[in-house]
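A.B. asks: Based on the sequences and whatever the hints tell you, model everything.
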Amino acid sequence: MIETRGVTKYFGSFAALRDVSIALHPGRLTGVLGPNGSGKSTLIKCLLGLVRPSDGLVLYNGKLPDTAGAYRAQIGYMPQRATFPGDLTGREVLAMLSNLRSEKPPRMEFLIDLFDLHSHLARRTRTLSGGTRQKLSAVVAGMYEPSLLILDEPTAGLDPEAGGVFKEYVSGRKAQGCAVLMTTHIIHDLEEMADDVVLLLEGSVCYAGSVRDLKLATDSPLLETAVGRMMKQGAA
Amino acid sequence: MNAVRQTAWFVIKDSLRSRWSVANTLLFAALTVGLFYLQADGAKVVVSLSSLSLSFVPLISLIYTAMYYYNSRDFVELILTQPIGRRSVFLGLLTGLLVSLVAGFLTGIAIPYAVFGSSDWTSVSALMAVMVIVFALSSIFAALALVAAVRCDDRGKGLAVILGVWLVAAVLYDSLVLAGATALAEYPLETPLLLASLANPVDLARVLFLMHSDMAALMGYTGAVFMRFFDQPIGLVVATVSLLAWFAAPVWYGLRCFNAKDF
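Line by line, the protein sequences give chains A and B. Take the first sequence: its letters are residues 188 to 423, numbered as in the numbering used here. Take the second sequence: its letters are residues 303 to 565, numbered as in the numbering used here.
Just so you know, these hints were derived from the structure itself, not from any lab. Just so it is clear, the structure is predicted and the values come from calculations on it, not from any experiment. Some hints here could point you the wrong way.
As the list claims (entries may be wrong) - Below, simulated SDA-like cross-link-like pairs (lysine to any residue); rule was C-alpha separation at most 25 Å, straight line: (1) B/563 - A/254; (2) B/315 - B/405; (3) A/354 - A/411; (4) A/250 - B/379; (5) B/563 - A/354; (6) B/563 - A/195.
What the hints assert, rightly or not - From the derived model, a few chain B residues whose C-beta atoms are all more than 12 Å from chain A: (7) 350; (8) 387; (9) 423; (10) 424; (11) 453; (12) 457; (13) 477; (14) 497; (15) 500; (16) 537.
No residue lacks a Cβ here, since even glycine has one placed at the ideal position from N, Cα and C.
C.D. replies: See below:
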């Protein structure tokens with residue numbers, strides 16, 4: 188579906204990504220893990236076309252993405268920090284984004300119900316709590332029922348109840364064949380949901396494969412321990 | 303085209319509700335009302351207003367545009383994850399900001415003038431010239447600010463750059479030209495001064511306003527040379543092309559930077 192081949196990204200002389208090759212597949216959730224500054228956000232931005240790789244390719248369905256960005260119609264993105272224009276209401280933000288595509292979002296009302304956002308949508312987004320903005324961001328990501336969801340620390344600002352609803356929603360989408368990429372520092376979330384894991388260390392892939400294989404390779408029953416061991420090996 | 307229009311419309315809606323946009327309008331309204339209290343003659347008010355606009359419009363356009371971009375950067379990123387090209391986002395942002403700025407300035411000037419001003423043709427014509435200048439300067443300096451903001455990720459650095467641009471264009475440039483003209487007073491300087499006025503949009507706007515208001519005589523012999531040049535069709539064409547170039551060049555360069563930028 189979407190893959191990177193040998194993607195390297197330099198910011199000045201600093202290599203944020205080095206020769207990163209990963210692939211995301213329909214119906215599988217890939218967790219991207221790594222310490223702060225390991226290149227997770229840069230990798231996501233390369234997939235979205237927000238950052239241009241210094242070297243290597245990003246391929247969508249085996250082809251180079253078009254420069255006009257039409258391929259992004261199939262991608263739903265939830266950023267780490269949900270920020271919207273403060274003087275617009277939530278409803279206006281959703282309307283603006285759907286007007287940009289000239290297409291009615293088929294799942295918008297469903298997601299507004301799911302995250303119980305009705306009573307908040309008439310308020311200016313600057314008055315919304317961080318968690319409510321995060322829920323609005325989840326609606327933006329999913330309202331066109333994309334075939335690829337890219338989620339950057341999605342549950343960080345959500346309360347436990349909303350976090351549970353969100354994870355259930357993502358699992359449902361995965362079961363329907365959607366490919367999901369998720370970064371998080373909450374390994375427990377990945378233990379529950381991830382099929383594959385990519386471990387990044389200083390911009391390089393330290394491990395890319397299934398969660399099961401990672402646990403076998405490190406001889407550990409828990410993902411958290413497996414990740415720790417693999418990172419220790421990668422650093423050594 | 304739809305994406306440009308939609309992005310611009312969203313920026314306009316967002317801007318018109320912002321307190322800064324309201325403050326811009328109120329500032330210009332207060333300046334215009336204040337000038338009417340100081341002098342009753344509508345024509346003189348418009349001349350004073352033109353002088354104030356030559357300083358305030360570039361400064362406000364620069365700061366407002368850059369601050370809007372910096373404050374909306376995360377949302378701009380989110381728009382860029384939608385299936386639309388970067389070119390549409392950049393042009394939509396610029397168009398939306400321009401419409402909001404110009405609407406704010408012109409409302410601030412036009413409403414007090416409608417209440418206190420006279421309807422004689424000389425004053426109204428001068429007022430229209432001020433409005434054209436406001437429109438041109440807003441467009442040019444908003445485009446310059448957007449380029450600076452796109453180029454400088456660091457907000458402090460970006461604001462320092464745009465304040466530098468304003469300082470040079472609205473304050474230092476004239477002093478430098480004057481110093482040069484004084485130092486080289488023995489030489490014929492009319493043509494170099496004419497060229498110097500084209501090289502700074504604030505000066506160009508000032509000269510065009512003075513020409514329009516038949517106040518070239520205040521500028522002495524140089525004024526006569528300017529009058530002779532700008533009063534001809536070729537002069538008007540050169541002035542218009544210069545103003546357009548001052549707008550088109552930053553838009554072109556800004557688009558290049560925006561297209562190549564890592565967000």
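A.B. asks: Once the closest CB in chain A is found, is it more than 12 Å from residue 477 of chain B?
C.D. replies: holds (38 Å)
A.B. asks: For residue 497 of chain B, which was marked as not at the interface, is the minimum beta-carbon distance to chain A over 12 Å?
C.D. replies: Residue 497 of chain B is indeed farther than 12 Å from all Cβ atoms of chain A, at 39 Å.
A.B. asks: Does residue 387 of chain B clear chain A by more than 12 Å, comparing its Cβ with all Cβ atoms of that chain?
C.D. replies: violated (4 Å)
A.B. asks: Per the stated criterion, does the least C-beta distance between residue 424 of chain B and chain A lie above 12 Å, as a non-interface residue requires?
C.D. replies: holds (41 Å)
A.B. asks: For a C-alpha distance cap of 25 Å, please report whether residue 250 of chain A and residue 379 of chain B respect it.
C.D. replies: Holds, because 24 Å separates the two Cα atoms, which is no more than 25 Å.
A.B. asks: Evaluate the condition: distance from the CB of residue 453 of chain B to the nearest CB of chain A exceeds 12 Å.
C.D. replies: Non-interface label on residue 453 of chain B holds, nearest chain A Cβ at 15 Å vs cutoff 12 Å.
A.B. asks: Closest CB-CB distance from residue 457 of chain B to chain A, is it above 12 Å?
C.D. replies: holds (15 Å)
A.B. asks: Run the C-beta distances from residue 423 of chain B to all of chain A and say if the shortest one exceeds 12 Å.
C.D. replies: With a cut-off of 12 Å, residue 423 of chain B remains clear of chain A, as the shortest Cβ separation is near 40 Å.
A.B. asks: Minimum C-beta separation from residue 537 of chain B to chain A exceeding 12 Å: can you confirm that?
C.D. replies: holds (42 Å)
A.B. asks: Is the hinted pair residue 315 of chain B and residue 405 of chain B satisfied, with a Cα-Cα distance of at most 25 Å?
C.D. replies: At roughly 12 Å apart (the allowed maximum being 25 Å), residue 405 of chain B and residue 315 of chain B satisfy the hint.
A.B. asks: Is the claim that residue 500 of chain B lies outside the interface with chain A correct, judged by CB distances over 12 Å?
C.D. replies: holds (36 Å)
A.B. asks: Run the distance test for residue 563 of chain B versus residue 254 of chain A: straight-line Cα separation, threshold 25 Å.
C.D. replies: Roughly 14 Å separates the two Cα atoms, so the pair holds.
Going down the numbered hints, you'll see the structure goes against 5, 8, while the others check out.
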